[in-house]
Amino acid sequence: MWLLLVVVVIAGLWIVGAYNGLISLKNQTINAFKQIDVQLKRRHDLIPNLVNAVKGAMNFERSTLEAVIQARNQAVKVNASGPEAMKQISQAENALSGALSRLLAVVERYPDLKATGNIAQLQEELTSTENRIAFARQLYNDTATQYTTKQQQFPTTLVAGMAHAAPAELWEIEDQAERAVPQVDLSGR
Amino acid sequence: MIGFVLFFAWLGFGADVLWAIEGEHAFPWLGVILTTVAILWVRHAYKTGPEKVLWATGAHEVIDAQTDGERQLVNVVEEMAIAAGVLRPRIWVVPDDDPNAFSTGHGPSDAHIAVTRGLLRICNRDELQGVIGHELGHVRNFDVRLMTTLAALVGAVLLVRDGMGRMMRGGVPLKGGRKSKDGGPLIAALLVLWILSWIIAPVVTQLLAFAVSRRREYLADAMSAQFTRNPLALASALEKIEGAAEPTRSIKRGTAHLCIADPLGRRFTNREGLLADTLATHPPMSMRISRLKGMGYAQLKQEGGLAV
Chain A
8 MWLLLVVVVI AGLWIVGAYN GLISLKNQTI NAFKQIDVQL KRRHDLIPNL
58 VNAVKGAMNF ERSTLEAVIQ ARNQAVKVNA SGPEAMKQIS QAENALSGAL
108 SRLLAVVERY PDLKATGNIA QLQEELTSTE NRIAFARQLY NDTATQYTTK
158 QQQFPTTLVA GMAHAAPAEL WEIEDQAERA VPQVDLSGR
Chain B
44 MIGFVLFFAW LGFGADVLWA IEGEHAFPWL GVILTTVAIL WVRHAYKTGP
94 EKVLWATGAH EVIDAQTDGE RQLVNVVEEM AIAAGVLRPR IWVVPDDDPN
144 AFSTGHGPSD AHIAVTRGLL RICNRDELQG VIGHELGHVR NFDVRLMTTL
194 AALVGAVLLV RDGMGRMMRG GVPLKGGRKS KDGGPLIAAL LVLWILSWII
244 APVVTQLLAF AVSRRREYLA DAMSAQFTRN PLALASALEK IEGAAEPTRS
294 IKRGTAHLCI ADPLGRRFTN REGLLADTLA THPPMSMRIS RLKGMGYAQL
344 KQEGGLAV
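Quick note, the sequences are listed as chains A and B, same order. Be aware that the first sequence starts at 8, since it is given in our numbering, and climbs by one per residue. Be aware that the second sequence starts at 44, since it is given in our numbering, and climbs by one per residue.
Chain A with its partners taken away, still in its complex shape (with noise of 0.2 Å):
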């Protein structure tokens, strides 16, 4: 009789922590996800300002900033929701990386212009800001990544149904040319 009562006590117990464990790791989920909106929202504000910063340095090259300008509006518009809106999201901002990484290559290329005060503070800026969202990506991947697993591993999966948790969905990189290993050329400009 003592035995049932301590038993199902301990039960009782660990369903709770459990239960508990996997709601933190969910709120977690969802919050790392809310990070990246707001350093994407915060790139878009960014880009305008600093394209403004180096227009007339870079008039030569027009089209790359335009490109980004365009990229950016781009990704500004982009408000869906629902299942495909991870997608589109990351469909959008990997477009406006891309057209940012070139604007670095480009910036890059010309030793002169990096000696412009302006520009150096762009770099800086630009890097730093394709990495917050690398980095806000990297930890959302990792806190989604450790609810799924809790969730999806013995015992705990016994409690998954109770605190409606469902496998999150990982951050990736939609476009095959970003994930081609990117070509070098050494042999001089």
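Bear in mind the hints are in silico, worked out from the structure with no lab data behind them. Be aware that one or more of the hints could be misleading.
[Unchecked claim] FRET-style restraints, in silico, Cβ to Cβ: (1) A:V45 / B:K344: 33 to 39 Å; (2) B:K344 / A:V14: 26 to 32 Å; (3) A:Q128 / B:K90: 35 to 41 Å; (4) A:D44 / B:Q109: 27 to 33 Å; (5) B:K90 / A:A18: 29 to 35 Å; (6) B:Q345 / A:R49: 29 to 35 Å; (7) A:V45 / B:D111: 23 to 29 Å; (8) B:A265 / A:S70: 43 to 49 Å; (9) B:M330 / A:P118: 38 to 44 Å; (10) B:Q345 / A:M8: 52 to 58 Å; (11) A:N38 / B:H103: 30 to 36 Å.
[Stated by the list, open to error] Here are some chain B residues pointing at chain A (derived, C-beta under 8 Å): (12) D111; (13) Q115; (14) I125; (15) A126.
Here a beta-carbon is modelled for each residue, glycine too, at the ideal position from N, C-alpha and C.
Dock chain B against the given chain A, drawing on the hints supplied.
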């Protein structure tokens, strides 16, 4: 922390017992006072530790970044805070040309990261990221809380020891010639033990700080690699810091265990063995670097980078 309070209680009540043997002594007020002092001290050290540590190194806070270096530092710290999933810590710069960095505070919601000017000068962006990642690893593990409090306590113990020593020599003369009837050898042994613990009190506290620090350094290195996914950058930063192994002048002995690399430039930090194991605040640099490189190569292999 509890150990610290117990230790003080032992010192205080020990004195009471001796006093009782010497003469009439009813209430163990010395023990009570000393224990209370110890508790208050821990509280005080816990609360004001971060301030004191920062003040002692002469760091100034970066509020509005002026130079390119400072701007980059702020950016890097903000990036790493995102990667670690913690709030942005407050950022300080220590006016010292030797490369080093440390963190202090009470935990992720109240953290301070300080780097020296020398570090900003010799590290590139990736290396700085590795170093900041290491410090944020300490922050997220709550190492900063323990180590900052320890730093404040190490200083306090030294002070008390010196003060009490002076009082004992000058103040109360011991009444000699009076022999207690019972348990002579036991009390003599206790007396020796008690005096010994007075002498080694600062040493014990310091050793505690060292032991805690060494184990945590490896962990913080690993967390930095987890945040940046670039362990080789931290390895190369450590190599640079090691190369410029001049003592960091503005960082004193009491706060040595907070830093990323031993600021005192002590030789035995680089050796393994019993002496180094007990006395160094940091694991051997070569060990840390080789572990990080091991992580880096494992990562490259996984990505197929080594196959080229």
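Quick rundown of the hints versus the structure:
no.: 1; hint: A:V45 / B:K344: 33 to 39 Å; in the structure: 35 Å, holds
no.: 2; hint: B:K344 / A:V14: 26 to 32 Å; in the structure: 48 Å, violated
no.: 3; hint: A:Q128 / B:K90: 35 to 41 Å; in the structure: 40 Å, holds
no.: 4; hint: A:D44 / B:Q109: 27 to 33 Å; in the structure: 31 Å, holds
no.: 5; hint: B:K90 / A:A18: 29 to 35 Å; in the structure: 42 Å, violated
no.: 6; hint: B:Q345 / A:R49: 29 to 35 Å; in the structure: 31 Å, holds
no.: 7; hint: A:V45 / B:D111: 23 to 29 Å; in the structure: 26 Å, holds
no.: 8; hint: B:A265 / A:S70: 43 to 49 Å; in the structure: 45 Å, holds
no.: 9; hint: B:M330 / A:P118: 38 to 44 Å; in the structure: 40 Å, holds
no.: 10; hint: B:Q345 / A:M8: 52 to 58 Å; in the structure: 55 Å, holds
no.: 11; hint: A:N38 / B:H103: 30 to 36 Å; in the structure: 33 Å, holds
no.: 12; hint: D111; in the structure: 7 Å, holds
no.: 13; hint: Q115; in the structure: 6 Å, holds
no.: 14; hint: I125; in the structure: 5 Å, holds
no.: 15; hint: A126; in the structure: 4 Å, holds
Consistency with the previously given hints fails for numbers 2 and 5, ordered from lowest to highest.
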